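Undergrad: What follows is each chain in one-letter form.
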Amino acid sequence: MSGMAFLGLLVVFTIFVLVAQRVVLRLWRRMREQGAGALAIRLHRPRDIRWGAALLPVTIGFLVLAGTYGITNVDGTGSGNLFSAKSIPGDLFYTLLVLAAVTLYTLVQPRRAGYLAAAGLAGIGAWVLFQALVFPHYAYDYEWYGWLRDQLYFPELVLVAAACLTGGFFLTRRTIVADVRARRSGLTAQVERLARTRADAVDSAAAELRRLERDLHDGAQARLVALGINLRTAEKLIEVSPTAAAALVADCRNTATLALSELRDLVRGIYPPVLADRGLGDAIRALALDCPVLTLTDIQLPGRPPAPVESAVYFAVAEALSNAAKHAEAKTILIRATHERGMLRVQIDDDGVGGADPASGTGLAGMEQRLGAFDGILAVSSPAGGPTIVVIEVPCALSSLKTSTS
Amino acid sequence: MRVVLAEDLYLLRSGLERLLEAHGFNVIAAVDNAADLLTALVDEKPDVAIVDVRLPPTFTDEGLRAAIEGRRQVPGLPVLVLSQYVEQLYARELLADQAGAVGYLLKDRVFNDDQFTDAIRAVAGGGTVMDPEVIAKLMTRRQRDEPVTRLSAREREVLDLMAEGRSNSAIAQRLFISEKAVGKHSTSIFAKLNLAPSEDDNRRVLAVLAYLNQ
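Chains A and B, in that order, are what the protein sequence lines are.
The first sequence begins at 1 in our numbering and counts up one residue at a time.
The second sequence begins at 1001 in our numbering and counts up one residue at a time.
Careful, some of the hints might be misleading.
[Stated by the list, open to error] Now the stretches of chain B that chain A is said to cover, found in silico as 3 or more residues with beta-carbon under 8 angstroms: (1) 1080-1089; (2) 1132-1142.
[Stated by the list, open to error] Simulated crosslink set (BS3-like; lysine-lysine; CA at most 30 angstroms straight-line): (3) B:Lys-1192 <-> B:Lys-1180; (4) B:Lys-1107 <-> B:Lys-1184; (5) B:Lys-1192 <-> B:Lys-1137; (6) A:Lys-331 <-> B:Lys-1192; (7) A:Lys-326 <-> B:Lys-1137; (8) B:Lys-1180 <-> B:Lys-1137; (9) B:Lys-1107 <-> B:Lys-1137; (10) B:Lys-1184 <-> A:Lys-326; (11) B:Lys-1137 <-> B:Lys-1184; (12) A:Lys-331 <-> B:Lys-1137.
[As the list claims (entries may be wrong)] Quick list of the computed label-pair ranges, beta carbon to beta carbon: (13) A:Arg-268 <-> B:Asn-1033: 51 to 61 angstroms; (14) B:Pro-1075 <-> A:Arg-336: 33 to 43 angstroms; (15) B:Gln-1143 <-> A:Arg-345: 28 to 38 angstroms.
Calculated directly from the structure, the hints in this document are not laboratory data.
As the structure is a prediction and not an experimental result, all values here were calculated from the model.
Cβ atoms here follow ideal geometry from the backbone N, Cα and C, with glycine treated the same way.
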């Protein structure tokens, strides 16, 4: 085997190893995320494959060119170039090896293959043009320009070069430029959506704070003031009229109970304690238990989503449940919660009368806004006559649960 | 009566300690975290433990977990759980072992010291005490069910109080009726709900709670 053939084999082998490594790594990562489902063959979109497939003819073109021009001609006879093994079967073997590698790469990475095809076509065009412009006069003097140079005249060479360059330009527009544009417009859309949802989130947070301030001011705070006044009065009365003082103190105790109960409701509305204690799964179970309608749960959450997501999803579920109980006259509700492929999904089905319109009520729309801040969605299907299905989806990662479960 | 007290806030802990000692209880340990609580429960085996749900180090439901773990190691250990809020989920977990001698009350109930100490004694005596708020939530769930709708208004009141863990005499006192009338009502309730009648107060409470918790 010649040194050049050995080098060729080495190059092809290296490409193979790199591609195989990428495939195995990617499969392993997907299996860790999705389990056995990752083994299912994922087909790329035909559009991606189409441009990627151009890599095959471009490679063949390159091989022909390499053989013809003797890019790495060493002995002047045309038999020692990069892809030659001094025999026709050897040539064929390495050529087939290269084509197999290219095909594999195209199937695994069709978009990248498209980029390569565009660059390769343009490169071939440039090379042919260079040959045609730089060495026209020596066309018949030097053997190593090869068969193609012997057959073609200058205008034909320029034509071939122009065709290749046009093809390369066209492919570049369809692959690299199209991808960059799509990416840019995707980013623009995402920026717009983020700006909108952030404004929504800030607005609703501000409204929430105003409501809290008002509730505290009119509720617990006012009761504590009354408590202070009554205690002071009782203090004065204690000598003069112990019975009146005792009645006043009993009154104070009632006021304290009321203040506590108001604070409790308020806290529940800000961040439900059971959510803080146990996480989303048990908090949904607690909601199901508190719901006046029989509510079944099937919750498969191996960990806890980030706290803000947890709370947004919790309140959305609470809203959906209260709608089902209040308006839908449902008899049974089923809540299912899963986390798959980086997506938290909660589905609430009820067997009520349906006809819920998220646009008309502020409740679900508000929840949708709140979920939007985390790129989450809330979808409602509620035909008249039922059933109603509410789906909440939020992309997020789960952190592992505390180990101290008893 | 030997009491172990677990509460992380100093003001509440000392307040409860003073209140309990004023009512003749002997507080043998007052701890402020879950690990100490579990040690005290297992080593001291008190007549009753009064436990705050939320304790260090995580400030979530450490107290509840420690109480349940303590009851696993010392079966039937009387535990009264106090909390700023009540959850049916936690009530279920406490009742799950069907051993009785558990209580679950809002902290506000401490304001009424007589009822509070009655509850402590009931739990220490093997009884079950549930906060009225837990029972109210259970009842809203069940009120549409057919057997419950057959109960008269008075029977509903008796059922509520029974589920909270009150004895016949306490129910009679509360509703201003005779103990005999309470007995008659409870027989009728058990018949309407298809529950096996029982003379034992504790077993009756557990049967009612199990029924409501279905």
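Undergrad: Indicate, hint by hint, whether the structure satisfies it.
TA: Each hint tested on the structure:
1. Beta-carbon proximity to chain A at under 8 angstroms applies to 5 residues in the stretch 1080-1089 of chain B; the threshold of 3 is reached and the given coverage holds.
2. Coverage of the stretch 1132-1142 of chain B by chain A holds. Counting CB-CB distances below 8 angstroms, 3 residues qualify, and the rule asks for three or more.
3. For a cut-off of 30 angstroms, the pair hint linking Lys-1192 (chain B) to Lys-1180 (chain B) stands: about 19 angstroms separates their Cα positions.
4. Our distance criterion of 30 angstroms between C-alpha atoms is broken by Lys-1107 (chain B) and Lys-1184 (chain B), whose separation comes to about 33 angstroms.
5. A threshold of 30 angstroms between alpha carbons decides the hint, and for Lys-1192 (chain B) with Lys-1137 (chain B) the separation of about 21 angstroms falls inside it, so the pair holds.
6. Between Lys-331 (chain A) and Lys-1192 (chain B), the direct Cα distance comes to roughly 23 angstroms. Compliance with the 30 angstroms bound is thereby established for this hinted pair.
7. A threshold of 30 angstroms between alpha carbons decides the hint, and for Lys-326 (chain A) with Lys-1137 (chain B) the separation of about 16 angstroms falls inside it, so the pair holds.
8. A C-alpha spacing of about 28 angstroms is found between Lys-1180 (chain B) and Lys-1137 (chain B), which places the hinted pair at or below 30 angstroms, so the restraint holds.
9. A hinted pair counts as satisfied when its Cα atoms are at most 30 angstroms apart, and Lys-1107 (chain B) with Lys-1137 (chain B) qualifies at roughly 18 angstroms.
10. Under the criterion of a C-alpha separation no larger than 30 angstroms, the hint pairing Lys-1184 (chain B) with Lys-326 (chain A) is inconsistent with the structure, at around 36 angstroms.
11. Between Lys-1137 (chain B) and Lys-1184 (chain B) the CA atoms are separated by roughly 26 angstroms; this keeps the pair inside 30 angstroms, and the hint holds.
12. Taking the CA atoms of Lys-331 (chain A) and Lys-1137 (chain B), the gap is near 17 angstroms; set against the 30 angstroms cutoff, the hint holds.
13. Distance hint check for Arg-268 (chain A) and Asn-1033 (chain B): the Cβ-Cβ separation is about 26 angstroms, which falls outside the suggested range of 51 to 61 angstroms.
14. For Pro-1075 (chain B) paired with Arg-336 (chain A), a C-beta distance near 36 angstroms keeps the hint of 33 to 43 angstroms intact.
15. Checked against the hint of 28 to 38 angstroms, the pair Gln-1143 (chain B) and Arg-345 (chain A) passes, with Cβ atoms roughly 33 angstroms apart.
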